[in-house]
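Taking the hints as your guide, dock the two standalone chains into a single complex.
Just so you know, the protein sequences line up as chains A and B, in that order. In terms of the working numbering, the first sequence opens at residue 1 and continues consecutively. In terms of the working numbering, the second sequence opens at residue 1 and continues consecutively.
Some but not every residue of chain A turned toward chain B, in silico, with C-beta under 8 Å:
#1 M208
#2 A217
#3 V241
#4 L244
#5 V245
#6 G249
#7 T252
#8 I259
#9 I260
What follows is a list of derived Cβ distance ranges for each label pair:
#10 S370(B) - V89(A): 44 to 54 Å
#11 A167(A) - F328(B): 51 to 61 Å
#12 Q469(B) - A150(A): 39 to 49 Å
#13 K354(B) - T194(A): 51 to 61 Å
Derived by calculation from the structure, the hints in this document are not laboratory data. These numbers were taken from a predicted model, which means no experiment stands behind them. For each residue, glycine too, the CB sits at the ideal point set by N, CA and C.
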Amino acid sequence: MKKFLGVVFKDSAILLLVFLLLIVSFNAFASDDVHQAEVIEHLGKMLPLNLTFTNSVGKKVLLKDLVNKPTIIDFVYYRCTGICTPLMVEVAEVIGKTDLQPGKDYRIISISINPEETPKIAAQKKNAMLSVIGKKIPDSSWEFLTGDSASIAEITNAAGFYFQKQANGYLHKGVLIFIDKSGKICEYVHPGYTTRGDFSILPSEFKMAVIETGKGAVTSTIQKVLQTCTNFIPKGKDVLVFALVFITGIFTVTTVLFIIKKANPNKGNS
Amino acid sequence: MSSDTLAISHNGHEPSYLEYEGKHKGIWAWLLSTDHKRIGILYLIAIISFFAVGVTLGFLIRLELLTPQGTIVGPQAYNEFFTLHGVIMIFIVVIPVIPAVFGNFFLPIMLGAKDVAFPRLNLLSWYLYIIGGTLILLSIILPGGAADTGWTFYIPYSVRTGTNMIFTLTAVFILGFSSILTGLNFLTTIHRMRAPGMGWFKMPLFAWSLYATAWIQVIVTPIVGITLLMVIVERVFHVGIFDPTLGGDPLLFQHMFWMYSHPAVYIIIVPAMGVISEIIPVFSQRTIFGYKFIAFSSLAIALFGSLVWGHHMFATGMSNTAEFVFSFLTFLVSIPSAIKVFNWTATLYKGSIKLEAPLLYSLAFIFLFSIGGLTGIIQGALNVDIYLTDTYFIVGHIHYVVFGGTGIGLFAALHYWLPKMFGRMYNKKVAKFAFWNIFIGFNVTYFPFFILGWMGMPRRSYHYLPQFQLYHVISTVGSWILVIGLFIMLFNLLMSLVRGKKITENNIWGGETLEWQVQTPPITENFEEIPSVIDGPYEYKQNELTTVEEEVN
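Isolated chain B (complex conformation) (with noise of 0.2 Å):
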């Protein structure tokens, strides 16, 4: 993707978005902004902080389960200690991480935008966001204690707990506008602000995986706003819509929960799969194999992946046609996730390979996200998920789709756009070593869990029988390892933005979409003339060929 236009302006020293000043001084001049860069960092700053939180308590938890009757903390904190695991990392972290950070900050970039489409709305919803972690770490501190019902929420001990729920609830409630808000950005965003020859076959494939997700974000996120409400509604006045005293259904409210979450695990995890679709062209300096199938899988996964909630439910009670059908159609899913891992893997083969940070945590996610796919394959299969269900098995599923998935995905992103946002490169020997500790610590970590799942240890459980111990002390183990090469990481890239090398040049790896070609760090407005494309976005070959018929000329 190139512009005449563009290869002239990134000579002049424009001040970039970082030290532009508006009408806003210091602090203000980012809380304020509107530039969707400006919100991109400040959603960085507040998801990363969030996500030491949920780490310290992941760490706790695999601290707790060291030995078999109990280490730090009795059952009543350990309640506390995973649902809060699961709410920060789940609705805090994962969910909005990678679309409302890199997203918000690349988005505009690489469709050849000034900015998203509605600025203040976009700012709004960050505060919506920090409104609700807050709400959440106040129901830590205040006096009645944080949730300890499991990031389900699952009726009815929902309505019963004397813990602080109705804080929890509404700040997920919160949180699900701000997620609404984004998506309804985007959306607008790709539909009205292409570049003048960007069609939708151009568009780069990180932007398809968000089109997709905005459409997710969009449709099912009030569902669980209105369940929310609903179970508030139900603790405060009992009308008796869930709780099965006052006449209520409680599978209802399964139900009405796994039409949101089941999809939010797409809306987690297809942002992180447009991250890898970019960084593998890149690092393999290969077009990317079957754009139209990667850009079309999004969209299969969108419209299937709402359509599967009932296989979370194939304990708890429904006909037997449902099961059926839930499980048929959860089969479906793995399709177009299977497109993507054979199309990066296509992409890679015979490419000139740079084994880069951001390339090796692509290649990690695709291992560990096939690992989660295909256990995620051996719960789909009705019986055989009757006797994994609330086993140590779905939690190492869900660690490795979401984790495994997105957290690796986002470490990628981090790797890969880090350098370009903020215009200094880290340590790359270091980043290479984080890498590597992160990598064996999660799966010694995570592995053993498939293991005792398989064994029949229930999860959310503070103590368990004696024969499970050995692993769970290899998961212990491995959870300092990888705490260890997260804390390395982050303290990597920390020190990156202070010492690290400074970068004039636009092309860092040698992309080929928008943002590659726009000053490092971009302007404010991203570009000084809205460009014109012509190219797609993964042209490598041809580009090599342009270059030398331009030389012949």
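One chain only, chain A, in its complex shape (with noise of 0.2 Å):
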């Protein structure tokens, strides 16, 4: 028995052994290049701020720059014919509905993930969107900026977006990254979409990460849970299960009234 035991624990770790290395391997080998258009969240870790990309109106600007205060990072591209605008639609709508000062309390910085869209074609987004906000806001409180492709690599590298350049555009995800003003990012708002397929974002969970980003807070996410069950029709064991029910309970009344009926407690007591 002790032997058989001993060829069990050997071989079985073996086995565990092989199976340790070939996720390892599997692990190298996804590592390289399999992300496809995925947001693989990189909580608490560093954003490089010492690159430079371009604003709408054509200024060279360093990221460390415009982060100094909670920032909510928007991955997008300006011709996006895709989530790119109605995301940013929400963010527009977001800013209105929330009583936070942007500029003040927050800003907002998209970046294109499109290396050839220029300083020119961002304008004309910003312009379309603040005229979605119902408010005034100042005018450097959400930046859209543009870049070289090495710069942007890095940085969505460094946040865990990834992307992949397509025939017609891109394939990518939507997603608000927050991070506070030393680059460290705090949270990853998934937005979930209405029953008519908009974008929505919560104003008290928009409000509540701009305030735990401004306290360097790092929050987890909950949102990309939710999501899972939206439009989805179930294959129905559900007539099989009420059955189930019904049975039982015709059962239970039944077998109660046997029970109160045929009892003889007074004899069973004295």
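Below, the structure written as structure tokens:
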């Protein structure tokens, strides 16, 4: 028996080792270029702020100079025909819905992931977006940046924002990344969807993220989990389950009535 | 309710159930006893212990919410805290407490029976209860951590979370069995073991409330049992019953869960209403107003209460017709509850009121339960509920109903019956002091929840926006007052068992129900001779008249 156990132990140890090696090799393989369009959260890590981008009036800006308060980074591209505009519109609406002062309490930086886009395109987008916000905000409180491919790659990789170039644009996700003034990633806010298919960012969640980022607190993500159940029609074991409940119910009541009727309690006790 | 045989018998010195020596000795005389009174005491000890754990968790939750961005624990620990607080308080404390402790102890005495119908089953249900409770405690200690889904175990998170879900689910499953067995026992006892002359409408109202409760327990508890079993199956075998990624239906779980858990609210509250119906006539020395209405309103609550579960799901997706019907039925449930409140108030009118601790708690019950009930109607309205779903308003509502109702009802019962159970009286001044502490602490703790909820504070969040802080601070300070009050109350009751004034008379408060006619503390089989019942349970005026007549004769 002891010998048998020894063999089993040895075998399973080898198996485990092989298994671990496999996992490690897969991971090594995976980390090369398998990142498709996804967001891998680097909570608590630092974003490189020594990068230079161009703002919507064509001026070179150093990120470090912009990030002097809680900052929301939003990776998009301005000629995107997909989710970028709806996401930015939702951001614009949230700015109007919260009582925080953009430019004073926080700053938003949209960064184009397309190195071919120019400050002129960025300026058009900026004008469009500012008109969506219900109130006037300081010009510098929402920056629309463009930059070269090296800077874009460096900052998106550091943020865990992975995207792919396609024939007619980019395959990418939509997320708001909250960083504090040192560049530390504090929170990822994944927008939810309304029943009409629009993005929705809860003003309270947005405000909370800004406030906590201001304190440098790193907060884990919840919204991503909640998104799993939308637009879903179950395959229908419901009838079976309800039938089970119904049968149990009938059975229970019958049994109880039977016991009440047949029990002979007085005899049993005295 | 009087009987001549009894009047003679309680002058004898039979050993009480506390002194009785059976074939087992020491601790086994309790752990293996099938005496309904000893089992009641076993439940009392266990439930009060779990209650202390639940209170501690609640206290820590309030402490955590003192500041907006986390005070003492992180998000994961906080999730486990509120889940454990909910699971322990709901499934281990308030669902069983009044039937298992006071029902077990007093139902047979009130009916004029020697014991419940199935004494061994009764003991088994206590052991099942202990196993269930222990499993929950184990889930905290074992690696993996306690469940963090909230007490509602919503899918899909309860299938995905890496915590010891299976322990918690199994525990609730087993506790369900304990609950079913108690219900079955009471049903049979009430149907078959009433003393000669004790017709259905001569039963005390506490027995009526236990009867209604027992039916709910027996009918709906199997549903939650099956449901939680299916969650376990889903976790282990990935069948695809509830989990949407496997083609299951998460809403199905919510239906199944609330099909039990809403009626469970009535399992929680109806026995407490029974307690109040006992205390009010005794301390105002008046016949209860509308006996039959109170008795039938318990059954009406049991019936309607089983058909309103959908109002927990107004925001999670149902057809408009279903939402309308559930909302309408929800409004209907308020009628029998209101009948009770009006009848209690009418009973007090022109009564000779003795403002002792049990009555104080009963009045607090009526006040707090009314607030809980009325805020329930606010949420039963479809459109308002969409706005209030998952806010602190709901948390305030559940605490006013469950704690303000059953919790306070439990304290009323403790102050009313504990002297009878142990033959010693607590310090009445301290009891009243503790009452005011609890009453004030309760309102300071939970009333801000309504304001917070109305302002939009989401429930189950360890952090919040700074604009909510003022109300959270008030609430946390309230929780300190409340905990001090609870401590004084429990300490006072505990000390009374050791040092309290000994009671020799049978009828401590001047009650008319049978438990006040037997010896204090009761003897092992309650009665030396099974009594014959002539009058109804609350006929104070008539009793006075008969005494006068007897004197004349």
